[in-house]
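Visitor: What follows is each chain in one-letter form.
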Amino acid sequence: MGRLRLFVPLVAFALLAVLLFRGLSLDPTALPSALLDKPFPAFTLPTLGSDTPRSRDDVIKGPALVNVWATWCYSCRVEHPFLVELAERGIPIVGLNYKDEPTKARQWLVDLGNPYSDNISDTEGVLGLDLGVYGAPETYVVDASGNVRYRHVGVLDSAVWEGELSRFFSQEAAP
Amino acid sequence: MLAEVGHFSLIIAFVLAVLLSSVPLWGAWRRNTAVMLLAPSLAIGFFVFLATAFGVLAILFLQDDFSVKVVASNSNTLLPSIYKFSAVWGNHEGSLLLWVLILSGWMVAVARFSRGLPEIVLTRVLSVMGIIAVGFTAFALFTSNPFERLLPGTPGEGSDLNPLLQDPGLIIHPPLLYMGYVGFSVPFAFAIAALLGGQLDAAWARWSRPWTNVAWGFLTLGIMLGSWWAYYELGWGGWWFWDPVENASFTPWLVGTALVHSLAVTEKRGLFRSWTVLMAIAAFSLSLLGTFLVRSGVLTSVHAFAADPDRGLFILIFLGLVIGGSLTLYAVRAPTVASRVGYRAISREALLLFNNLVFCISALTVLLGTLFPLIMDALGQGKYSVGPPYFNAVFVPLMALLVPLMGLGPVSRWKQDSLPRVWHELGRPALVIVVVSLLAPWTLGEFNLWIALATLLSLWLALGLIKDLLHRTRGASGFGSKLARLTPSYLGMWCAHAGFAMVVLGATVVTQNAVERDIRMAPGDRQSVAGYEFELMEIDRVSGPNFVADQARFSVWQGDRKITELTPQKRRYTASGQVMTEADIDAGFFRDLFVAMGEPVGDAAWAIRLQYKPLIRWIWLGALLIGFGALTTAFDRRYRARVARDLVTEQAAELEVAAASHG
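If you read the sequences in order, they're chains A and B. Under the numbering used here, the first residue of the first sequence carries the number 1, and numbering increases by one thereafter. Under the numbering used here, the first residue of the second sequence carries the number 1, and numbering increases by one thereafter.
Some hints could be false.
Per label pair, the in silico range of CB-to-CB distance [claimed, not checked]: (1) P397(B) with S170(A): 22 to 30 Å; (2) P545(B) with P53(A): 51 to 59 Å; (3) P545(B) with T103(A): 20 to 28 Å.
If you want the ones that stay clear, here's a sample from chain B, every Cβ over 10 Å from chain A, calculated [what the hints assert, rightly or not]: (4) G156; (5) S274; (6) L278; (7) G312; (8) V358; (9) L371; (10) S418; (11) S437; (12) A530; (13) T581.
Here are the simulated SDA-like pairs of lysine to any residue, each with C-alpha atoms no more than 20 Å apart in a straight line [unchecked claim]: (14) K415(B) with A400(B); (15) K99(A) with S477(B); (16) K99(A) with R572(B); (17) K99(A) with K467(B); (18) K104(A) with S477(B).
Honestly, the hints are just simulated from the structure, not real lab data. The structure presented is a predicted model; accordingly, all values stated were derived computationally and were not measured. A virtual CB, placed ideally from N, CA and C, is assigned to each residue, including glycine.
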């Protein structure tokens, strides 16, 4: 009896280990967006390359990806080639240049290629605040009626694309 | 080339660790002394090669070798040299290397300072540490190689160290914290060695105690530095956030506290042996669990290291082997026979048992709160986080419950004590401190029940300590001879308990009475906070080695007297473009004045945060006392003098225990 009691810590640890193993396959950064299935927030902001403010409906013609990026963001540089590849496959991507300097951002696009149909220039992070952006990079899926359907925090790569995002684009653009 | 030297050293260190974890253990099993004697040499070899690898990585950072991936991602030519050096552990790969380096340091220390240990015990202890070393060196080598090159594609400039980490506090915070974390591997190894040998006795407890105290002291200092850093660097003026990573270091501390006290009982009275072994295993297991939580990315935290499920899986398997293995060993080998030594409901043993209960329950509740988001997510219940309200609601009452009995601790007697005796000793002064506590909050303006309560508890702790100190030094004349009566372990205990009283009072007062203002201020504006006048003189641009900043200049007045000038900054780091808030603080023993800049809000005005933080320094000063107190105990002569005679005293201790049970 006394001996059995000494097994309690081991059993407790086994349960914990199972939980932790389960935790490994869960993604704590996959935060559901507060805007899920709600319209993309309205804005009037300049785009990179033109100073005249433009509105939401003018820039985002869904379905499209909205990609939050900045030149100060190291991971964005990692992500960039994949975005270019997606754009070549015909996926519409709108950039949200977040808390960045427009001149640096334009140079970036010249150097690394421009996968974006348009780039909203959110130098103050106002739109980022409305969207609930955690940091760059983040990618949102906006559907044909202008609703946010999905949010991905972190680098968008082919695994994420195949696993999570491509289903929103299956009819529009064949790979 | 140099990077490859480092990589190669790491591989040799790994091979030595594999040898250390197996060969001497086999020798111990076969009772082959020649083979057992290999253990200390292997430990020293392991240390030498790891130190080489670590030194190489440091040189790569100092030379701006951006062909090495971790250097390119975490350093920059403009970074001041001291931060280039601390950048070595400002990233996942390097900090893991530091982790193993410190482990090897502890191994060498055990080999060096435990010459008097029975050969077989020392061998087993070093081998068990070797097993841990194998796991972590393999982790570094196979999933997180710090010497990985970026060839071709070497960048011309590095992407800089995270500005949050460019801070003096962060240079020493991780090493201290790891000293504590990893230090718990020593009592763990002693516990496993004792289980293997089947000898859980007073001698085992005496060998473990100084190591445990030192590790626990370092952990205390590490946590204290982390809290202090968060206070001035994160720009919010908070000092504890119940962040998952803070909790990851706090749960081993809580269990370590239980261990420090239960070891005392096991050493002095031969009691609680199974429990003490379990605490030794638990303290280190929680350190490992903390490492897992931080490195695997299963929880989100401000301390986000690169989250990587593969790394997580690696540590989890290793965790399963080490913790699962040791708990199995515990279940099979721990003694079940209740000790023949008895103790009464009112005795020092009972008080320390209570201490252990409180600290274990605290650790479990903190662990539960930390893992709660994970539990809910795993059960498919969605994303939740319990946050500070939960932790405060469960933790504060537990500590409040602890202190009344903690005050009795130092004056209590082993085996049997009586309430009338305690009343005779503490009764009348206790009445005095009740009155003082009721009056104390008025010195800060108005009556506050929580402050009165905290004052009462702190004074109660102080009372017990002072009474006991007077009792012990009674009859001795002069400061020198009084001091000579006190052993280092007693002085250490005294400091640690006094430090705890300071933390209780400081934490309560700053929580209750701090004043915080977030306001818009333009040059020329004045604002009053808690009787201090803050005048914003001007805002200009300044530049540092790797950043440019907006800097506000404040004059602070108390009445007509100018106290100080404060210059908080809003920095923008050029390489990463990251924006950092550098608060400026006028620190004082009784209060801090804290100014931080928020965002510009137009017309040369800024959002400004002004704070008045009474007694906040007491939290860290108290923690310093606790930490240094714990380190002091290791100087006690009885830990060194007796080591050589331990084989003899072991039997003597058994006799002593047997005699005590009859007496």
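Visitor: Take the hints in turn and mark each one as holding or not.
Guide: Here is how each hint holds up against the structure:
1. P397(B) with S170(A): 22 to 30 Å: For S170(A) against P397(B), whose Cβ atoms are near 55 Å apart, the range 22 to 30 Å is violated.
2. P545(B) with P53(A): 51 to 59 Å: violated (38 Å)
3. P545(B) with T103(A): 20 to 28 Å: holds (24 Å)
4. G156: holds (14 Å)
5. S274: Since the minimum Cβ distance to chain A is about 7 Å, S274(B) lies within 10 Å and the statement is violated.
6. L278: violated (6 Å)
7. G312: violated (5 Å)
8. V358: holds (19 Å)
9. L371: violated (7 Å)
10. S418: Check passes; 32 Å lies beyond 10 Å.
11. S437: holds (40 Å)
12. A530: holds (32 Å)
13. T581: holds (15 Å)
14. K415(B) with A400(B): violated (25 Å)
15. K99(A) with S477(B): violated (70 Å)
16. K99(A) with R572(B): holds (12 Å)
17. K99(A) with K467(B): The hint is violated at about 61 Å.
18. K104(A) with S477(B): Distance ~76 Å between K104(A) and S477(B) Cα, so the pair is violated.
Violated hints, listed in ascending order, are 1, 2, 5, 6, 7, 9, 14, 15, 17, 18; each of the other numbered hints is respected by the structure.
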